[in-house]
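**Student:** For chain A, the structure is supplied; the task is to place chain B on it using the hints.
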Amino acid sequence: MLNSKINRRNLLASAAAGGVATFMGPWTHNRVLAQGAAKPIMIGTTTDASGQYANSGADERRGILMAIEEANARGGLLGRKLVSTHIDTETTPATGSRVAERMIQQEKCGFLLGGVHSGVANAISQVAQKYGVIYFNTNSSSPTEAGQNCHRVKFVWDGNGTNFAKAAIKNSINAFGGTFVLLTNDYVWGHDTARTTKKQIAEFGGKVLEEILIPQGTRDFTAALIKIQQLKPSIVAAAIGGDDQKALRQQVAQLGMGNKPVWLNNQQDWPDVYGLPADNLFGVFGTTWYHELTLPGVKEFVEKYKKMYPNEAIKVPGNVFYNGYMAARELFAAIERAGTTNNIAVIKALEGHVMKARDRMQHFDAMIDARTHQVQQTIYLATANPRPKDKDDLFALLAQAEPKDVVDLDAPAACKLESYEATPTFDA
Amino acid sequence: MQSILPHLINGLTLGLLFALIALGFTLIVGVMEVINLAHGSLFALGAYFALTTISGGPLATSEFGQWWLTFPLGTRYAVAALVGPLLAGLVGALLEVCLRPTYGKASLYGLLLTFGAALVLEESIRLAWGAGEQNLRTPGAITGAMLIGGMIFSTYKVYAAGFAILAILCVWLFLEKTPYGAIIKAGAHDSEMVRALGYDLGRLRLFVFGFGAALAGLAGIVMAPIWGLRPHIGLDVVIPAFLIIVIGGVGSFWGAVIASLLVGLSVGLTGAFVPAWSMVSMYILLILIVGFRARGLLGRKSALEN
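If you're matching them up, the sequences are chains A and B in order. Per my numbering, residue 71 is the first one in the first sequence, and the count goes up by one each step. Per my numbering, residue 21 is the first one in the second sequence, and the count goes up by one each step.
Only chain A is shown next, with the shape it has when bound in the complex:
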């Protein structure tokens, strides 16, 4: 029989050893992770495989892996192969921190990619900044990610709550009236998005009747939906994410409240809606990409996805996959432009970089804002497609907004990027 060795003395000794190890950890700023030219470039995919963003996490990871495969098929970067490693970030900020530490310290990853939950992305980026490791937040859309929580090493690839609100509010007030009820998820992304929504509503002459805070993990929305019926707003602006949003959608559809009042759902991620009945997809929402865009390269991109992932439940790529793929592809392009894997050189190659609309399969050129590190890109407004041509044709695109019209003007003031000198430097 196994004789248990766990007693208070052993536990205290282990804790003390752990504490000493942490204290004696690498404090030096200048590190060399890999010197050999033939050594592979390690890419850490910090995506959720469990928790409420597991599905989106898997989707963005597929996008990142497709970009890695393409790069390796071309012979790698700077003569070196790309090797990816993955650890589940569990949609939990504390896990995100641990995963980032392990990826950098043990797996020797020179670059980290992946993030849907803003809290997780923020946690990863704090660790990444400590070591100077470039981190791409691929899919989290809290305005704070490129605002007060920005970092020199972090680049934000999704449109944020402000971008989507700017694209939607003015048009909605003109079309449907100006009385709003805000349904806000009670965490950082929800609050940030609601704040910018309220600002937009005030700017365009609308009125907020009430803001209903929805704690994370809420599964029954009846109380909020009764309240909305009692308040009778013309528009409900919802910033509800993840599983909460799925439950909300189901319950709104059951009540037949999808059309009246009008729903503005800040953003609708493709993995969250794929395969659901049409009545679950209500209101107007934002997205950064759609597989039925009639733009050059889209069809080929979709075919490539189908070829690489023939057995996936999601049969066509959506915005989350797209953001993962584009982020990884642009990282590799930046490394090639810099001609080195030195982090500071790659950061400089990314800052201010303009990406042609044609290359990104969007309507307008995109740009990595050097002040905030957010990608300013085309924002599409969409709704449920009343005449789908097949079962994957869920969205009807209503409009596309130019990046300059939806830019988050508050972000540069809120974002204080660390200086290059204060950012540890190394060659990945």
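Simulated from the structure, these hints should not be mistaken for lab results. Take every hint as true, because none was put in to throw you off.
One side only, chain A facing chain B, incomplete, derived with CB under 10 Å: (1) S120; (2) G121; (3) D256; (4) G287; (5) L295; (6) R319; (7) P341; (8) I384.
Every beta carbon over 12 Å from chain B, so not counted as near; a handful from chain A, in silico: (9) M112; (10) Q218; (11) H423; (12) D497.
Taking lysine to any residue pairs in the SDA-like style, the calculated list, with each CA pair at most 20 Å apart, reads: (13) A:K330 - B:L167; (14) A:K385 - B:L147; (15) A:K302 - B:G169; (16) A:K302 - B:A165; (17) A:K461 - B:G77; (18) A:K385 - B:A148; (19) A:K376 - B:G150; (20) A:K385 - B:G77; (21) A:K330 - B:A165; (22) A:K461 - B:A80; (23) A:K330 - B:G164; (24) A:K302 - B:V294; (25) A:K385 - B:P78; (26) A:K330 - B:G169; (27) A:K385 - B:W149; (28) A:K330 - B:G170; (29) A:K302 - B:G170; (30) A:K151 - A:R399.
Predicted, not measured: the structure shown is a model, and the values here were computed from it. Quick reminder that beta carbons are idealized off the backbone N, C-alpha and C, glycines included.
**Tutor:** Leaving out everything else, chain B in the frame of chain A:
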């Protein structure tokens, strides 16, 4: 000023649904003194089995599948509501067999085993049905909306609450009015005496665990059209179920039902007036009740209290 009546109705409805969720959990804890952390996974499993039954699953394209799909959704749903709990019950029975080596040992062993089982079941669901959101279809007669007091309510939710009342009554009748129920209750009170009277305690435990798991599966089928269906949905279930049996008093059937209604009312009313507190309100309720009455509302008096 918003009317309180629709929120009271909502709170009670929600409470009945919580009761349905907690039924199997309280039965297992009461009889076997095992905190079944796999309850949520069995809840999910029941709903996924029902999903496959309704859609035909991998057999959908076969001759049998095509024949099966000719039946109206209502018929397939009714069959699924039997098949789902039955299969979840079988998985539960299997779990009970795995639990046997832990009987008579510290309760931590059973707790850890059911926690491990929850992880295995969740991952199995992910492998079998995928990580994405699924939609459990319901018959047209119980979908849509209805007006109560000028407010729109979900027809399905009213049906689900009615179903919960029926399930509660059936379980109560089973426990109170049948000899099997009497044996289960006796087993919960004094298992050694039941064994001494010649009843097979192993079979009793197997049945109770399977029955509790089937009730979890049934709750999953009823709740999936409201909460949605995804592999980790079980996580949303275990904590409220645990709270409810502690508030109601461990092992007390009506204690659990009353606690469910109180939790439903607290979540529903705070959701209306202080929505940011709606989730935490159930924990506050727990603190208030257990703070004043440690054994819960209708829990048995501990020997230490004499």
